[in-house]
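Enquirer: Just so we're aligned: 168 in my numbering is position 168 of the sequence shown, and the numbers increase by one with no gaps anywhere.
Hint data in this document are derived by calculation from the structure and do not stem from the laboratory.
Since we're looking at a predicted model, the values are computed, not measured.
Any given hint might turn out to be false.
[Unchecked claim] When the alpha-carbon atoms are kept at most 25 Å apart in a straight line, the in silico DSS-like pairs for lysine-lysine are as follows: (1) Lys-135 x Lys-5; (2) Lys-135 x Lys-57; (3) Lys-57 x Lys-47; (4) Lys-47 x Lys-37.
[Stated by the list, open to error] Derived Cβ-Cβ restraints for the label pairs, each shown as a range: (5) Ser-144 x Lys-37: 38 to 48 Å; (6) Ala-2 x Ala-181: 35 to 45 Å; (7) Tyr-42 x Leu-168: 40 to 50 Å; (8) Pro-45 x Pro-141: 47 to 57 Å; (9) Arg-18 x Gly-131: 30 to 40 Å; (10) Ala-142 x Lys-5: 37 to 47 Å; (11) Ala-2 x Lys-37: 38 to 48 Å; (12) Lys-37 x Pro-146: 37 to 47 Å; (13) Ser-144 x Gln-7: 35 to 45 Å; (14) Tyr-41 x Glu-174: 41 to 51 Å; (15) Leu-177 x Leu-74: 10 to 20 Å; (16) Phe-158 x Gln-7: 45 to 55 Å; (17) Phe-158 x Met-1: 15 to 25 Å.
The beta carbon of each residue, even a glycine, is placed where N, CA and C say it ideally should be.
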Amino acid sequence: MAAKKEQIYEGALTAFSRQEFSETTMDSIAELASVSKGTLYYYFPTKEDLFLDVIEKGIVRLLGQIRPVLESGLSREEMLVKLLKVHLKFFDREKRLCQLLMSKVWGTQTLHHGIQERISHYFSTMEGFFGQLQKEGWIDPAISIPTLTSALFGMVGFTALRRMEMGLAVYTQETKLSLIALCSGALRAEGIVPRSNERAMGERK
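Please work from the sequences and hints to get the whole structure.
Expert: This is the structure we're talking about:
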């Protein structure tokens, strides 16, 4: 059962990342997933159910990359840099999910509540971490933590999406350095400034 649902997830992710929700059909998803319509409807009675499941699985995968960093023994400077790199690397690897989250999700008004509910798991995790850093003095107290979290997600996600659409590599040293430099204004850790932290921002690990 798990293998079949993963097969459907892959087909649905491809379909939803290519077209708007309203334009995507269950027929096209079944074809891309190489399953019968009966099988598709057995697991997901409606297109709405399937769309929300794809969003939820994508966020779970992203959090699966983030949580090990938050639970690591890295210094705060290294952890912050690593988080930026993890976000960028994730969107580079999960290009279809990046396209879905950055360009297809937000216009789906009928599913707005369901989408927000699933994405909230990501934001609550990141806001909790940034809030703790702010208490420790790593983040400027004037900074709004929800705004910072939203800005990070949008900045990395849209950067990745634009580079994809331009046919450019996403996970590059230049991109990493630029994103870290943009974030440095909100952070008090000198190690976040690119020229002071070359080792932490080294090649892909």
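Enquirer: All hints, please: hold or fail.
Expert: Right, here's what the structure says about each hint:
In summary, the hint linking Lys-135 to Lys-5 is not supported, as the alpha carbons are separated by about 42 Å, beyond the 25 Å threshold. At roughly 31 Å between alpha-carbon atoms, Lys-135 and Lys-57 are farther apart than 25 Å, so this suggested pair is violated. Between the alpha carbons of Lys-57 and Lys-47 the distance comes to roughly 15 Å, so the proposed pair stays at or under 25 Å and holds. Distance restraint check for Lys-47 and Lys-37: the Cα-Cα separation of roughly 12 Å lies within the 25 Å cut-off, and the hinted pair is therefore satisfied.
About 47 Å separates the C-beta atoms of Ser-144 and Lys-37, a value consistent with the hinted range of 38 to 48 Å. In this structure the hint that Ala-2 and Ala-181 lie 35 to 45 Å apart at CB holds, the actual value being about 42 Å. The supplied range of 40 to 50 Å is met by Tyr-42 and Leu-168, whose beta-carbon atoms lie about 41 Å from each other. A C-beta distance of roughly 48 Å is found between Pro-45 and Pro-141, which places it inside the suggested range of 47 to 57 Å.
In this structure the hint that Arg-18 and Gly-131 lie 30 to 40 Å apart at CB holds, the actual value being about 37 Å. Taking the beta carbon of each, Ala-142 and Lys-5 are about 45 Å apart, inside 37 to 47 Å as hinted. For Ala-2 and Lys-37, the hinted distance range of 38 to 48 Å is not satisfied, since their beta carbons lie about 21 Å from each other. With their beta carbons about 42 Å apart, Lys-37 and Pro-146 fall inside the hinted range of 37 to 47 Å.
Range check, Ser-144 to Gln-7: Cβ separation about 42 Å, and the 35 to 45 Å hint holds. Separation of Tyr-41 from Glu-174 is about 46 Å and conforms to the stated range, judged on CB atoms against 41 to 51 Å. A hinted range of 10 to 20 Å holds for the C-beta pair Leu-177 and Leu-74, which are about 19 Å apart. Take Phe-158 and Gln-7: their Cβ atoms lie about 30 Å apart, and the range 45 to 55 Å is violated.
The given range of 15 to 25 Å is broken by Phe-158 and Met-1, whose C-beta atoms sit roughly 36 Å from each other.
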